[in-house]
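Student: If you read the protein sequences in the order shown, they are chains W and X.
Position 37 (the first sequence) corresponds to 562 in my numbering; numbering is contiguous.
Position 281 (the second sequence) corresponds to 450 in my numbering; numbering is contiguous.
Here are some of the chain W residues that sit facing chain X, going by a computed Cβ distance under 8 Å:
1) Ala562
2) Phe584
3) Ser590
4) Cys591
5) His632
Because the hints were derived from the structure by calculation, they are not lab data.
Yeah, the Cβ is synthetic: ideal placement off N, Cα and C, and Gly gets one too.
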Amino acid sequence: MAKSTSKDAQDLLRALWSAYSATPTNLKIIDLYVIFAVFTALIQVVYMALVGSFPFNSFLSGVLSCVGTAVLAVCLRIQVNKENKEFKDLAPERAFADFVLCNLVLHLVIMNFLG
Amino acid sequence: MAKLVVFLTLISLLPLLCNSFSDDKPSDRHILVLLDDFAIKSSHSLFFKSLQSRGFDLDFKLADDPKISLQRYGQYLYDGLILFCPTIERFGGSIDAASILDFVDSGHDLIVAADSNASDLIREIATECGVDFDEDPAALVVDHTGYAIAATEGDHTLIAADGFIKSNVLLGSKKIEAPVLFRGIGHSLNPSNSLVLKVLSASPSAYSANPKSKLTSPPSLTGSSISLVSVVQARNNARILISGSISMFSNRFFRSGVQKAGSPTKHDKSGNEQFLTELSKWVFHERGHLKAVNVRHHKVGEVEEPAIYRINDDLEYSVEIYEWSGTSWKPYVADDVQVQFYMMSPYILKTMSTDGKGHFFTSFKVPDVYGVFQFKVEYQRLGYTSLSLSKQIPVRPFRHNEYERFIPAAYPYYGAAFSMMAGFFVFTAVHLYNKPT
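Build the full structure now, drawing on both the sequences and the hints.
Tutor: Right under this line is the structure:
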């Protein structure tokens, strides 16, 4: 029983991976970027749990810069995805320009809040 | 020429004179003694002589002398008052019970000696001081086990009392070995008066009754709740001594030997002289009078006294406390002087260290709370005048530029924020150059 379960899980993962391999490269790059941001945020949360929340503003700005980056990247991914019919009228260049502008605003705020 | 020499000598002595005036001396100087009759002046001369030898200027008057007055033109003429007039019904002159209490209220000292059949006036003054004498005018304190053995077997009203209060400041550092002879009226302390103290209490077997009549009902005052001699230190540091016996001050009691019933030791001399001399030193502020000077505070490592402190500052507080010895100010030595850093309640309460030269000091950290604080020293000890110092000092929070600029603990957060920015640039480049696929 256990054997078949682990085999099922392996099959499932393999199926997932092969399905994901069909994703366009530019979306894969965005996914990588999101993973990087989320991972950085997790590291900071663990660090805060170990060291304490003393410079709490710095902690908040560090984590929120990661979370904000991830959210903006996900938004970009939704907008540039060809299969997403909702945004088929929106040019990918326009989506990317929005992304850059939002990132500028985000990092401006983060820099003010960091110290 | 001779005139010039005298003049120059006088001029050179003038600074000394000024010095003696400016020196702050809390001991009393001028004392009014009110007597029932002038025979007391000679029969109690040893007590008066000990006062005069210590520099007091005694003014003997009959209590019903029509010319006596305590003050003239609003100024008190005397620093202390001794009432050796237990039977007086009305004082002469302008003195009455209210004026005597005003005298005490303005910080002057008082000794009251009562006796059996003490007058209502003396009882009224004592009651105002928190002491209630036995209401029976013929009552005496009787003690059938603690009496003094006399040549003629008496009615046991001559008591050899040794229930002293344990206080070096009141009774001097030398232990009083011999019991004190006492013949007179007992009193109880008013429980609502927290300032009055029993200095000499009767033994547990004593009671207060008329020794000549048969005891029909239980006596109102019994046991060690009877006080023979009591003192009061008012909140303005005026001191009052109330004794139920005038004869305990007399030469006869000072000189006579004493042997307490049931005790094999016979003392050649009663303890009266030592007891009353030491107690009168206390009453007239020759002992137990404290002063605090040079209250200083500053930040650790600085000398200047700042107008304001910041939260979490380290500061040092110091004060000098001296005790008047009768002739000069001596350093006060104690290990229980505390300072409070106070805002509505004490945020910090610290016992100060002392160097044995009267200098008390401590250091502490200002709490993490801002507002208007006070340095407070509230020192109240049995027999000592109370010290109450307070000094206001504001405490402010950090200024915006007093925070640390870069905190080492926050470097991972800085790193994360900057790596996000760098990641944004890298991602932008990769995303744009990947476009053709």
